[in-house]
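With these hints in hand, go ahead and build the complete structure from the sequences.
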Amino acid sequence: MQRSILANVPLFLLLLALSFLTFSFDRLGIFGPAKNAVGFVAVPVQSAIFNFSQKMKLEFATFLQVRQIAQDYQKLQEDYAKLLAEHARLSAVQQENKILRSQFEVQPDLAPKLLPAQVIGLSKNLLIDQGSQAGVKTGQVVTLKNTLIGQVIAESANFATVQLPTSPQSSITAYVESPGGSKGVVTGSFGSTMVVEKILPEEHLEVGQLVFTAGEEERGNIPKGLILGKISKVEKKEAAVFQSAEIEPLFKFDQLRLVFVDAT
Amino acid sequence: MRSFKTYYFFLVLVFFAFLQSTVWPTNLVFLTLAIWSFQRSAKEILVTTFFAGLVLDFLTGGTLGVSSFWFLLILSLILLFRFRFLAKGSLTGWQIFPFVATFVFLGSLVLSTALHSVESGRLTLAFFWPQLLAEVITTVIFYPIFGYLSLRWQKENLQLQLKV
Numbered sequence: 001m002q003r004s005i006l007a008n009v010p011l012f013l014l015l016l017a018l019s020f021l022t023f024s025f026d027r028l029g030i031f032g033p034a035k036n037a038v039g040f041v042a043v044p045v046q047s048a049i050f051n052f053s054q055k056m057k058l059e060f061a062t063f064l065q066v067r068q069i070a071q072d073y074q075k076l077q078e079d080y081a082k083l084l085a086e087h088a089r090l091s092a093v094q095q096e097n098k099i100l101r102s103q104f105e106v107q108p109d110l111a112p113k114l115l116p117a118q119v120i121g122l123s124k125n126l127l128i129d130q131g132s133q134a135g136v137k138t139g140q141v142v143t144l145k146n147t148l149i150g151q152v153i154a155e156s157a158n159f160a161t162v163q164l165p166t167s168p169q170s171s172i173t174a175y176v177e178s179p180g181g182s183k184g185v186v187t188g189s190f191g192s193t194m195v196v197e198k199i200l201p202e203e204h205l206e207v208g209q210l211v212f213t214a215g216e217e218e219r220g221n222i223p224k225g226l227i228l229g230k231i232s233k234v235e236k237k238e239a240a241v242f243q244s245a246e247i248e249p250l251f252k253f254d255q256l257r258l259v260f261v262d263a264t
Numbered sequence: 265m266r267s268f269k270t271y272y273f274f275l276v277l278v279f280f281a282f283l284q285s286t287v288w289p290t291n292l293v294f295l296t297l298a299i300w301s302f303q304r305s306a307k308e309i310l311v312t313t314f315f316a317g318l319v320l321d322f323l324t325g326g327t328l329g330v331s332s333f334w335f336l337l338i339l340s341l342i343l344l345f346r347f348r349f350l351a352k353g354s355l356t357g358w359q360i361f362p363f364v365a366t367f368v369f370l371g372s373l374v375l376s377t378a379l380h381s382v383e384s385g386r387l388t389l390a391f392f393w394p395q396l397l398a399e400v401i402t403t404v405i406f407y408p409i410f411g412y413l414s415l416r417w418q419k420e421n422l423q424l425q426l427k428v
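Protein chains in written order, with our numbering: chain A, 1 to 264; chain B, 265 to 428.
If you are wondering where the hints come from, they were derived from the structure by calculation, not from laboratory data.
There could be a bad hint or two in this list.
[As the list claims (entries may be wrong)] SDA-like cross-link-like pairs, simulated, lysine to any residue; straight-line CA separation at most 25 angstroms:
| hint | chain 1 | residue 1 | chain 2 | residue 2 |
| --- | --- | --- | --- | --- |
| 1 | A | Lys-252 | B | Thr-402 |
| 2 | A | Lys-124 | B | Val-278 |
| 3 | A | Lys-55 | B | Thr-402 |
| 4 | A | Lys-252 | B | Leu-283 |
| 5 | A | Lys-55 | B | Val-278 |
| 6 | A | Lys-124 | B | Leu-370 |
| 7 | B | Lys-307 | A | Lys-55 |
| 8 | B | Lys-307 | A | Leu-13 |
| 9 | A | Lys-124 | B | Pro-289 |
| 10 | A | Lys-124 | B | Lys-307 |
| 11 | A | Lys-124 | B | Val-287 |
| 12 | A | Lys-82 | A | Glu-202 |
| 13 | A | Lys-124 | B | Thr-377 |
| 14 | A | Lys-124 | B | Phe-345 |
| 15 | A | Lys-57 | B | Thr-402 |
| 16 | A | Lys-145 | A | Gln-94 |
[To be verified] Using C-beta positions, here's what the derived DEER-type ranges look like:
| hint | chain 1 | residue 1 | chain 2 | residue 2 | range |
| --- | --- | --- | --- | --- | --- |
| 17 | A | Thr-138 | B | Val-278 | 36 to 44 angstroms |
| 18 | B | Val-374 | A | Ala-85 | 48 to 56 angstroms |
| 19 | A | Gln-95 | B | Val-278 | 55 to 63 angstroms |
| 20 | A | Pro-179 | B | Val-374 | 46 to 54 angstroms |
| 21 | A | Glu-235 | B | Thr-366 | 29 to 37 angstroms |
| 22 | B | Phe-315 | A | Leu-83 | 26 to 34 angstroms |
| 23 | A | Ala-81 | B | Thr-377 | 46 to 54 angstroms |
| 24 | A | Leu-258 | B | Thr-377 | 28 to 36 angstroms |
Bear in mind that the values here come from a model prediction, so they are computed numbers and not experimental data.
Note that the Cβ used here is the ideal one computed from N, Cα and C, for glycine as well.
Structure follows, in structure tokens:
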């Protein structure tokens with residue numbers, strides 16, 4: 001056995017060197033066309049696998065969670081009633097806003113140019129079926145219904161990689177929906193939730209409050225006001241300088257099918 | 265016959281690379297290679313590992329060569345040490361499972377740390393505990409399937425002939 005390992009040492013070193021060379025060349029962008037060619041073939045397959053799994057998940061979930069679905073349905077009805085009331089209130093505010101805008105001749109902000117993209121995979125990051133050919137660039141923000149889904153960290157010709165806010169590599173300035181608008185930094189935690197940290201202890205945090213992006217990144221490409229999630233747990237210690245809270249995303253990332261890239 | 269087996273082996277890895285990049289974030293490719301590195305020749309494992317790593321990087325949109333590099337480093341350790349457990353071919357089937365699981369666990373630990381750290385440019389430890397747990401559970405679930413396939417594909421597996 002030892003002999004067989006020793007006999008393969010030259011092969012092992014050769015492959016290791018090849019891996020390192022491939023890594024170096026890829027960093028220089030030499031493999032761009034090859035990646036695009038593979039992506040051209042692989043993306044439809046990935047998309048098909050992902051859609052099939054989503055369909056199967058949905059079928060099983062429906063079968064196994066009938067009771068849960070009934071409870072969720074009841075809760076949704078309650079939420080719907082609340083939203084109707086909120087909608088009525090906001091309609092009045094919108095009307096008032098319109099009058100004020102016309103009074104001061106202020107033009108509303110231009111709507112962002114949103115590029116629809118289908119989710120084709122989820123590993124550590126999200127994969128979407130739009131790439132540089134469609135105008136997707138590194139740093140662009142991916143959203144869904146005014147909620148931040150992530151930020152593009154790499155793009156190929158026909159697909160792109162999106163870093164989720166739940167990734168431990170993610171760090172986003174944020175504020176909490178509260179009278180004081182408590183500001184903090186949201187980082188990913190264990191790949192499934194987020195934590196908002198560095199909030200002063202006198203600020204009032206409670207479960208259910210929404211957390212929004214503050215748009216104060218150094219790179220400055222995450223707009224202010226996108227929803228990150230809602231607080232699911234508050235951690236406040238007597239002696240601690242800051243308090244923190246766990247944030248649950250509004251969408252389950254493994255159930256996303258369509259998202260929008262802010263291509264403005 | 266050997267090339268036919270290797271071809272099949274590689275197809276399974278490509279299929280797992282697709283699953284890993286789309287719906288199953290567990291490191292299936294590494295897991296498969298780790299389990300099979302106890303059962304197949306060193307040369308076959310090294311070559312397949314290199315190409316499987318490349319396929320995985322292509323499909324996940326990562327930098328090419330990173331997975332191959334780390335897979336090769338970790339699996340070479342398995343290839344180096346497996347003789348200690350299997351020297352006389354006395355351990356077969358489920359008997360080698362504790363060793364496979366231990367190597368998969370430790371390998372995943374190193375692999376997750378290495379890959380996340382390369383990606384983020386700093387030592388990243390927080391992400392891998394749930395992933396490790398998932399990988400060990402997946403090992404338990406998958407091991408009988410791999411064991412069955414190995415027995416079907418190589419009768420000599422019972423005595424683990426590890427000639428090159």
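Query raised in the report: Has the hinted range 26 to 34 angstroms been met by the Cβ atoms of B/Phe-315 and A/Leu-83?
Result: violated (53 angstroms)
Straight-line alpha-carbon gap A/Lys-55 to B/Val-278, limit 25 angstroms: holds (22 angstroms)
Within a Cα-Cα threshold of 25 angstroms, do A/Lys-124 and B/Phe-345 meet the stated pairing? violated (30 angstroms)
message: Check whether the Cα positions of A/Lys-124 and B/Val-278 lie no farther apart than 25 angstroms.
response: Between A/Lys-124 and B/Val-278 the Cα gap is close to 18 angstroms, so the pair holds against 25 angstroms.
- Below or equal to 25 angstroms on CA atoms is what counts here, so check A/Lys-145 against A/Gln-94. Within the cut-off at roughly 19 angstroms; holds.
Is it true that the CA of A/Lys-82 sits at most 25 angstroms from the CA of A/Glu-202? Measuring from Cα to Cα gives roughly 30 angstroms; hence the hint is violated.
With the threshold set at 25 angstroms, check whether the alpha-carbon distance from A/Lys-55 to B/Thr-402 stays at or below it. The hint holds at about 22 angstroms.
Notebook entry, point to check: Quick one, are A/Lys-252 and B/Leu-283 close enough, alpha carbons at most 25 angstroms?
Noted result: Since the Cα atoms of A/Lys-252 and B/Leu-283 sit roughly 19 angstroms apart, the hinted pair holds (cutoff 25 angstroms).
(Q) Tell me if the straight-line CA distance from A/Lys-124 to B/Lys-307 falls inside 25 angstroms. (A) Judged against 25 angstroms, a Cα distance of about 30 angstroms means the pair is violated.
Worksheet item: When you take the CB atoms of A/Glu-235 and B/Thr-366, is the distance between them in 29 to 37 angstroms?
Response: Holds, since A/Glu-235 and B/Thr-366 (Cβ atoms, about 35 angstroms apart) stay within the stated range.
query = Is 36 to 44 angstroms a correct range for the gap between the Cβ atoms of A/Thr-138 and B/Val-278?
reply = Given a distance of about 28 angstroms, which is not inside 36 to 44 angstroms, the answer is violated.
Q. Is 48 to 56 angstroms right for how far apart the beta carbons of B/Val-374 and A/Ala-85 are?
A. Distance hint for B/Val-374, A/Ala-85 holds at roughly 55 angstroms.
Going through the hint list in order, the structure does not satisfy hints 7, 10, 12, 14, 17, 22.
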